Amino acid sequence: VLCHPKARKSLDGPQGQWILPRLLFRETKDIHYRNRKEIPGSFVDPFASHRRTVNSAAKSESVASLFERHAAAWKNWNRVSSITSEITSGPDYESIIALGAAAVPLILRSMEHEPDYWFDALMELTWVDPVEPEHYGDIEQMTNDWLRWGRQHNLI
Amino acid sequence: MGTPAQPHIAEVGLLRLQRSFPNLNAGNCIITSSPSRRYNCIALAAGDLTKRWEHNPTWYWPGARSPEFSSLVGIFLGLGYVSCGDDYSYDPAYQKVALYSKSTDVLAAGLRVSVEVWTHAAFQMCSRYWKSKCGDCEDICHELHALDSPIYGAPNLCVKRPKTPDRSHPLPDCIPI
Numbered sequence: 001v002l003c004h005p006k007a008r009k010s011l012d013g014p015q016g017q018w019i020l021p022r023l024l025f026r027e028t029k030d031i032h033y034r035n036r037k038e039i040p041g042s043f044v045d046p047f048a049s050h051r052r053t054v055n056s057a058a059k060s061e062s063v064a065s066l067f068e069r070h071a072a073a074w075k076n077w078n079r080v081s082s083i084t085s086e087i088t089s090g091p092d093y094e095s096i097i098a099l100g101a102a103a104v105p106l107i108l109r110s111m112e113h114e115p116d117y118w119f120d121a122l123m124e125l126t127w128v129d130p131v132e133p134e135h136y137g138d139i140e141q142m143t144n145d146w147l148r149w150g151r152q153h154n155l156i
Numbered sequence: 157m158g159t160p161a162q163p164h165i166a167e168v169g170l171l172r173l174q175r176s177f178p179n180l181n182a183g184n185c186i187i188t189s190s191p192s193r194r195y196n197c198i199a200l201a202a203g204d205l206t207k208r209w210e211h212n213p214t215w216y217w218p219g220a221r222s223p224e225f226s227s228l229v230g231i232f233l234g235l236g237y238v239s240c241g242d243d244y245s246y247d248p249a250y251q252k253v254a255l256y257s258k259s260t261d262v263l264a265a266g267l268r269v270s271v272e273v274w275t276h277a278a279f280q281m282c283s284r285y286w287k288s289k290c291g292d293c294e295d296i297c298h299e300l301h302a303l304d305s306p307i308y309g310a311p312n313l314c315v316k317r318p319k320t321p322d323r324s325h326p327l328p329d330c331i332p333i
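Residue numbers (my numbering), protein chains in the order written: chain A, 1 to 156; chain B, 157 to 333.
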């Protein structure tokens with residue numbers, strides 16, 4: 001099941017200034033999405049070059065350390081919203097998505113230790129949703145489905 | 157529902173909640189569980205402690221997926237509740253749920269429009285207290301307007317349904333005060 005990125009975060013969250021550039025980025029992704037002929041069987045990152053540009057300022061720091069830093073900051077947020085898209089709309093979460101495909105195995109390994117709201121990032125980065133529909137809403141089952149997908153693709 | 161909160165953990169939890177909900181204090185709020193990501197406020201109010209209920213894709217939402225307040229109302233109407241307007245008084249014959257909303261700007265076709273979006277739900281426990289789950293934080297019992305804030309807005313509508321034996325809810329009718 002493919003996710004539809006544009007439908008996900010139209011609301012202004014507490015970090016509303018991040019929403020508009022992200023939507024513009026998604027417009028580009030939607031064009032790519034519509035032009036796709038088939039769902040690839042293997043994991044690809046169609047916007048790798050764009051992400052490299054986004055990350056030009058962070059070249060000196062390894063992807064793993066960047067991920068650790070932003071993930072720690074994101075987890076430290078005061079998560080009182082009932083809506084996960086507001087929790088996942090902050091600059092640290094966006095920075096992790098901007099790391100591109102290299103962040104996927106790091107996210108999956110993090111999920112092995114602690115289930116968290118990584119599903120938005122994973123869907124944005126992989127363009128797949130391996131979660132069984134009957135598991136929607138159950139964070140542990142959703143995590144298990146993603147970990148299974150990661151193992152199938154030798155990412156963890 | 158998470159495990160019962162330890163006293164020192166409850167103090168930390170209240171301090172954390174007060175950062176977002178300045179009206180909360182030890183006099184109008186009781187921490188009743190440990191933090192959990194397993195369910196959210198809508199699930200708690202609906203009596204489902206196994207999953208998160210929200211309109212975003214990949215989460216459980218037994219209705220039209222929309223952030224608008226009407227979508228949340230539709231969910232509870234589908235559960236057998238009826239609107240009782242702004243009557244938040246305690247009636248032991250009914251289960252009542254307060255539905256919260258706030259006005260926010262959204263981008264629609266390139267234009268910013270203001271819509272009423274759902275933010276929260278609280279389940280009535282007794283004449284004074286309502287039960288809530290605030291994001292990933294602890295379950296709390298609180299007075300109705302203690303959560304009024306820019307994040308949650310305020311209670312917009314009360315819905316109710318008769319208490320019947322076949323509509324068991326995992327929450328007790330009331331808490332010791």
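None of these hints come from the bench; they were simulated from the model. Every value quoted in this text rests on a predicted model; they were computed, and no experiment measured them. Keep in mind that the hints are not guaranteed to be accurate.
Straight-line C-alpha distance at most 27 Å; calculated DSS-like pairs for lysine-lysine [claimed, not checked]:
{"#": "1", "chain 1": "B", "residue 1": "Lys207", "chain 2": "A", "residue 2": "Lys75"}
{"#": "2", "chain 1": "B", "residue 1": "Lys319", "chain 2": "B", "residue 2": "Lys207"}
{"#": "3", "chain 1": "A", "residue 1": "Lys75", "chain 2": "B", "residue 2": "Lys319"}
Cross-check of the supplied hints:
1. Taking the CA atoms of lysine 207/B and lysine 75/A, the gap is near 20 Å; set against the 27 Å cutoff, the hint holds.
2. For the hint pairing lysine 319/B with lysine 207/B, the CA-to-CA distance comes to about 23 Å; that is within 27 Å, so the pair holds.
3. Among the hinted pairs, lysine 75/A with lysine 319/B is inconsistent with the structure: their alpha-carbon atoms are about 39 Å apart, more than 27 Å.
In this structure, the one hint that does not hold is number 3.
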